[in-house]
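Novice: Each chain is listed here by its residues.
Protein chains: 2
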Amino acid sequence: MSFSFRVTHTDGRARRGVMATAHGEVQTPAFMPVGTQGAVKGVLHRDLEEMGADILLGNTYHLYLRPGDDLIARRGGLHAFIGWPRPILTDSGGYQVFSLAARRTVAEDGVKFQSHLDGSAHLLTPEKVVDIQAQLGSDIAMVLDECLAHPSGDELVRPSMERTLRWARRSRDRFLTLSEKRGRTPFSETEKRGTTPFSGGGVIVTNSGQAQFGIVQGGTSPELREESAHGTVGIGFEAYAIGGLSVGEPTDVMYKIVAATTPFLPEDRPRYLMGTGTPQDLVESVARGIDLFDCVLPTRNARNGQLFTSEGPINIKNARFAEDDRPPDPTCSCYTCRTCSRAYLRHLFRAGEINASTLNTLHNLHFYLDTLRQIRDAIAFRRFESFRTAFHQSLSRQLHDS
Amino acid sequence: MSFSFRVTHTDGRARRGVMATAHGEVQTPAFMPVGTQGAVKGVLHRDLEEMGADILLGNTYHLYLRPGDDLIARRGGLHAFIGWPRPILTDSGGYQVFSLAARRTVAEDGVKFQSHLDGSAHLLTPEKVVDIQAQLGSDIAMVLDECLAHPSGDELVRPSMERTLRWARRSRDRFLTLSEKRGRTPFSETEKRGTTPFSGGGVIVTNSGQAQFGIVQGGTSPELREESAHGTVGIGFEAYAIGGLSVGEPTDVMYKIVAATTPFLPEDRPRYLMGTGTPQDLVESVARGIDLFDCVLPTRNARNGQLFTSEGPINIKNARFAEDDRPPDPTCSCYTCRTCSRAYLRHLFRAGEINASTLNTLHNLHFYLDTLRQIRDAIAFRRFESFRTAFHQSLSRQLHDS
Chain A
-1 MSFSFRVTHT DGRARRGVMA TAHGEVQTPA FMPVGTQGAV KGVLHRDLEE
49 MGADILLGNT YHLYLRPGDD LIARRGGLHA FIGWPRPILT DSGGYQVFSL
99 AARRTVAEDG VKFQSHLDGS AHLLTPEKVV DIQAQLGSDI AMVLDECLAH
149 PSGDELVRPS MERTLRWARR SRDRFLTLSE KRGRTPFSET EKRGTTPFSG
199 GGVIVTNSGQ AQFGIVQGGT SPELREESAH GTVGIGFEAY AIGGLSVGEP
249 TDVMYKIVAA TTPFLPEDRP RYLMGTGTPQ DLVESVARGI DLFDCVLPTR
299 NARNGQLFTS EGPINIKNAR FAEDDRPPDP TCSCYTCRTC SRAYLRHLFR
349 AGEINASTLN TLHNLHFYLD TLRQIRDAIA FRRFESFRTA FHQSLSRQLH
399 DS
Chain B
-1 MSFSFRVTHT DGRARRGVMA TAHGEVQTPA FMPVGTQGAV KGVLHRDLEE
49 MGADILLGNT YHLYLRPGDD LIARRGGLHA FIGWPRPILT DSGGYQVFSL
99 AARRTVAEDG VKFQSHLDGS AHLLTPEKVV DIQAQLGSDI AMVLDECLAH
149 PSGDELVRPS MERTLRWARR SRDRFLTLSE KRGRTPFSET EKRGTTPFSG
199 GGVIVTNSGQ AQFGIVQGGT SPELREESAH GTVGIGFEAY AIGGLSVGEP
249 TDVMYKIVAA TTPFLPEDRP RYLMGTGTPQ DLVESVARGI DLFDCVLPTR
299 NARNGQLFTS EGPINIKNAR FAEDDRPPDP TCSCYTCRTC SRAYLRHLFR
349 AGEINASTLN TLHNLHFYLD TLRQIRDAIA FRRFESFRTA FHQSLSRQLH
399 DS
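Chains as they are written, first to last, in my numbering: chain A, -1 to 400; chain B, -1 to 400.
Keep in mind that the hints were calculated from the coordinates and are not lab data. The beta carbon of each residue, even a glycine, is placed where N, CA and C say it ideally should be. Be aware that a few hints might be false.
[Stated by the list, open to error] So, partial list: chain B residues that the calculated Cβ filter (under 8 angstroms) puts toward chain A:
# : residue
1 : 35
2 : 37
3 : 69
4 : 251
5 : 316
6 : 317
7 : 320
Using the sequences and the hints, build the whole thing.
Specialist: Written as structure tokens, this is what we have:
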């Protein structure tokens, strides 16, 4: 099964569709829970399936460093290794290199850095990032892009955007070169013994149906974004992402750049806004033509005690919840809300219990996935605008703390 | 529903039975997963029910200090607070006072100590321990006993055993005094406002069907154990526990003391061996007439990477498992063994993922609960001896590390 995308409904600029991948379909707009190291922290695959997660995101940087893409390829790829039979998208690792790694130096060839785990030296080139993801065998691979800090002036953004375009061309070339290998059966004994990954031909391609997405950069400049979009679409990828947002810029700037970029991306391909965001951000980005999201917010904040609710976020640590027998969100149908009071969740959090992370994460992911379900339904019934208005009104009640 | 116990099958000294409590029945011999602070670390109630856990253990010491038994009583008791509708046993808190608390001083009245959380000063008397557990509303409450370190000579053990007997008498008196309150409806507004727990009459009794178990002490002396058993049974409790074992004495000494004590405990009451033990310990203790167990071994060791299997324990951290695609125990039907390889579990453990704790704990508890299921079946079919032999042979294969 190869990659495809079909828009089934539109409502204004919002789209509902179905993205088909080598491991099944994804209803869009979709939110991808982040499974950094091959697991979504605190919840099992079983729970993700029950919540209706169609697709997971895995982090190439982390998996490359530990346990290594070679080991994962020998297990049959990431799906087999982690026991998740549904779609997986892997990022390029670039964002983590720019945010986590030490002694990072960027040159035309690629990025040199030291592992945040053991200080070991590594070089990620556009080609190597393609090879690693070919070994991981994700259904969607992302190209290596350069991630700038915000704010950066045009004098930094333009050359960086142009380098990202050159890297995109190299990434696509490498991807197409590997494509001829994609018909091969992985795991023949010959291949196992003969593997010398990244030295040329020794890459184990574990997913013959992998797609590759290009990434539009260009900072907060609509002109550079347009130029980047044209260049990236000109190279030709299965689909396109918007990178370099949700990095500290004001929300209205992000919305403006999303709105200014999506018109230059093909109607018939999914559009992925990387690393975003709050529930409001998802709704506003769908309104501007986005189809795919990923973000650590629901999972990371869950572990810090923040629960998203239909009336705004609450912080379960707050003393006011000590004797509150209500569920986190009385309108929610998740396991946590069906079985736990705020008082109990506050106790578990204060007591440092692992189950606090699990229960909070179950709820937050359910809230995100349910929001996307509501968005998809609203688009199908062409009532997205009234949903959008009601959603913001409900969240802005802020009966609780934030 | 009040407490009762019925032996349904015997095979040698091993017994199979049904223990009825205010929140349902427990098939014995039974293992009670430890939910120290109102949660079994790493697994949700849902998982425990699916695994067939009939009963949980809660720690009075921890719950008394945080969130406090007053708060739990105002929520309707521990069952309502944590959302577990099945049987719960609470320990007395004594063991934790003797192992965790600082500046501990024991006198005839009770134990003074400082909280390990904030250094605050507390006094636990036999009466107060009864009151706390009345507020928690567990189905089975344990009396306060004095826990000596091993080894202790007879000159320490005898007076300690005798004090434990005097405390047991005071505990039973307090329990019977509260019994007249057990018919009262908890939570009347009057009671809420008027509550001054432990000062006399202000205790909120949240479970009118609570039972109280006495505890036999006496160190490693069969004579002192016999004396303690006679004294404790003389006071008269719903059932009896053996305390002060699994504290560092050699295994054969523990087995000897269990064998020397059970004959002095009533046939028609369950016998609870506190804090034990390894899978082998469970089988050997059932062979000596024990019906109930609790232990942190399966849960704590899971979090440290040790997995119990039908061929002995393995340590998932071990490098030999890096590329091992087999499940932890190929004969096991738990979620972890159905969906995860040793290679994946090793990766999650090394990566510090929460899910490593969850998946390992799911497996270990399943292994323990399944062992008890096999024990109960073996007794019912009067083939306990052959089961016992086969069980030890399988475990002693030790194909793996320990």
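Novice: Does each hint hold? Answer for all of them.
Specialist: Hint by hint, here is what the structure shows:
1. 35: holds (5 angstroms)
2. 37: holds (4 angstroms)
3. 69: This interface hint holds because 6 angstroms falls under the 8 angstroms limit.
4. 251: Hint violated; residue 251 (chain B) Cβ to chain A Cβ min 35 angstroms, cut 8 angstroms.
5. 316: violated (14 angstroms)
6. 317: violated (11 angstroms)
7. 320: Hint holds; residue 320 (chain B) Cβ to chain A Cβ min 7 angstroms, cut 8 angstroms.
Going through the hint list in order, the structure does not satisfy hints 4, 5 and 6.
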